[in-house]
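Trainee: The residues making up each chain are set out below.
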Amino acid sequence: MSVLSILGKYKELRDRLKDVRLWSIMAVSVAIMIIIALWGVNQYKGKANFHNYLTNMWHRSFFDTVSYVQNIQSILSKAELSSDRTEKAILFSEVWRNSFAAQENLNQLPIESNVALERTSKYLTQLGDLSFSLSKQLMNGKDLTASQLKIIKKLKQYADKLSDNLNDLSIEISQGKLKWGEVRKVGTSRFRKISQNVTSARMLAAESGFKDYPTLIYDGPFSDHVARQKPKGLGTKTISRDNAKKIALDFVNLKKVDTINYMGVSGDKIKTYNFEIIPNKNIKTRTIDIAVTVIGGKVLWMIDNRDVAAAKLGIVNAKKSGYNFLKEKGFTNMQDTYYLKQDNTALINYIYTQNGVKIYPDMVKVRVALDNGQIVSFDATPYYMSHTKRTIPKPAISESKARSMISRNFDIQSTSLSIIPLPSGREVFTYEFMGKFDGKYFIDYINALTGKEENIIQIIKDPNGILSM
Amino acid sequence: MTKTIKKNLLLILLLLIGFCLSIFTAKFLYEMKKNQDILIEKKLEKLLLDADKEVMNDSIQTQGSTSYQNKDLYLLARAINGEARGEPYIGQVAVGAVIINRTKHPGFPKTISGVIYQPGAFTAVTDGQINTNIEASAYKAAKDALNGWDPTNGCIYYYNPAKTTNKWIWSRKVMLVIGKHRFAK
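Protein chains in written order, with the numbering used here: chain A, -2 to 466; chain B, 13 to 197.
Derived from the structure by calculation, the hints contain no laboratory data.
There may be inaccurate statements among the hints.
Stated by the list, open to error - Here chain A is said to cover these stretches of chain B; the calculated rule only asks that three of the stretch's residues, wherever they fall, bring their Cβ under 8 Å from a Cβ of chain A: (1) 22 to 34; (2) 98 to 108; (3) 123 to 132; (4) 143 to 157.
For each residue, glycine too, the CB sits at the ideal point set by N, CA and C.
Let the hints inform the model, and build the full structure from the sequences given.
Mentor: The structure is reproduced here in structure tokens:
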């Protein structure tokens, strides 16, 4: 029935529309269609523009990487050939610059799971880092040793291999056979993503050449030995899980503990039993996480994420409660250095002192809640990594001699002896000169045995803390 | 044939117009929703900006030998928020620690922004979740991570076994599990 009535209405409408000129309706609808078409074209153009822009950026990164790697190749050959020490030092600093630039550009490439390029990336970083330390060594007047020359020769072979692979790729990319595009494909079906990931696969193939890459040990922050350092301050005794649990509970020293959960063992340089303590089941936001070392049974770190109320304590009292806390936990001869107030807590760095010499590597960080002085976080990883009984030598040069090594414009305000860590992990015995330069505070470290300037750090003082930079 | 077309010309035209109108209504509705989204986004942006100002008023985050700046804190907090919202607090610190561990590892970029924006490194960056509203715990976790707390003991990878499709990552040695994330070297 309803169909009939609709048909009837349609007939009625047709009759009425007979008066209207049909062509005007047609013109309107054609106009609308043209508008839609234009809109679509515009959208497509916008998308194409973005795509071109991204592709151009990726191409730039890729071709930059290729040219930096080629530079490395030729400069390394020159460095091998060169007989002049200064010239060599300059060439190695060129290698350093080129390999860091290559690494940076490599990491810009849109490769699915880019992190899989870790080995290539590592090679470039270590090559740069090594070149920098060799350049420093040459500038200090020390020639390269036979083993160093051997390492460079080996690293140059890798540069050749990498360069060849990248060259092949760059030809295919220039000819348009390979395309970047993985980033765009997020959201399409998984299978298509894999099959179209040709460029990624090719880049990863270039990576496989680094399988037998040697372990590099030299005086730089990215040297392999830095990642392999063993803790010196933990002793040898292995403790059981139950023992560790007791140590953890003793450490937090709470009146009431509702639950303590064992979270497993983790870590490789320092293995720890991990526990999660819930002091009160009703306060869900508060948990205390704590790690106890398997060897030595020491608390490595602790984080209590309780909300801290408005600050009542000043920094002097906070330092006192931090000091007392450390004393109670068996850390003797500790001295506070830098601190920072944030979110109603004070983070204070304590360092070990031996016969008045500041030992910066042996550092413990303590966070004091400024509402009641409780210790809410604790980290002794640096301390246990480096703490050991050291024999500190007598300074080979006098304080006034060391002072003469420093710029005259530096207004020295205090002096002390200290042991500081270098980026490579090596420790050096130094005079520490704190003073003012250009209205800002600095510390200048002069080696107490050789007189060499080892480090300069800037000190920032403001109402929230004293920090180093 | 032409006769039938002529006879039903009006019907065809009506259908065409109806079709066009429906497209326009759809577009109109879409635009309306987009405008709404833009409005919400603007509000969020303002909130974030306020939060940002608060952070900028804090002092510079430098500790001992590590020296990181406020811009890093903000960025790291956003990354933690995007990657580990709803995870236990210690899991959020751990995600921050992994990012910092990468800056010290030879195989990765040397800056926090470089690590976070490395293409394909973090899903929260790829899908834009890094730009969502920041929860307070993410800031707290970012501060702990920047100040050197590392619950992972030097891990440089993590993944959610339920979500990852990347076979390669499964080959890494798992060091510990926190919440939904596996942390690996």
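Trainee: Could you run down the list of hints and mark each one as holding or not?
Mentor: Consistency of the hints with the structure:
Residue count for the region 22 to 34 of chain B with a Cβ under 8 Å from a Cβ of chain A: 6. That meets the three needed, and the coverage hint holds. Residues of the region 98 to 108 of chain B with a Cβ under 8 Å from some Cβ of chain A number 4, which satisfies the need for three, so the listed coverage holds. Chain A is given as covering the region 123 to 132 of chain B, and this holds because 4 residues of the stretch bring a CB closer than 8 Å to a CB of that chain, at least three being needed. Remark: the region 143 to 157 of chain B is confirmed as covered by chain A, as 4 of its residues place a Cβ nearer than 8 Å to a Cβ of that chain, reaching the required three.
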